[in-house]
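Per numbering that gives the first Met the number 0, numbering through the sequence shown is continuous, rising by one, with the last residue being 70.
Mixed in with the good hints, there may be bad ones.
Unchecked claim - As a list, the in silico DSS-like pairs of lysine-lysine whose alpha-carbon atoms are at most 30 Å apart: (1) K27 <-> K6; (2) K6 <-> K51; (3) K27 <-> K51; (4) K51 <-> K26; (5) K26 <-> K6.
Rather than coming from a laboratory, the hints here were simulated on the basis of the structure.
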Amino acid sequence: MSLFTGKPIVWYDHLNSTNEFAGNQIKKGLVAEGTVYAAYHQPAGRGQRENKWLSEPGENLTFSVIYEPVF
């Protein structure tokens, strides 16, 4: 169990890409570490290394988690 992951979880019915949305929120300074953005449907999702993530509405886990690691 994490002390901060998923606090909060923000659900949307439709986002083109949770990854793109999360990136925009970070740029605007509107997100805290541990925030999860999830969508029931994302028609333009992105996977690792610029791969597309295609899914039918409600059929897959489509979410992005914000972490700010310190090295």
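Hint check results:
1. K27 <-> K6: Holds, because 19 Å separates the two Cα atoms, which is no more than 30 Å.
2. K6 <-> K51: Roughly 27 Å between the alpha carbons, so the hint for K6 and K51 holds.
3. K27 <-> K51: The given pair, whose Cα atoms are some 25 Å apart, holds under the 30 Å limit.
4. K51 <-> K26: The given pair, whose Cα atoms are some 22 Å apart, holds under the 30 Å limit.
5. K26 <-> K6: This hinted pair holds, its Cα atoms lying about 19 Å apart.
Going through the hint list in order, the structure satisfies each hint without exception.
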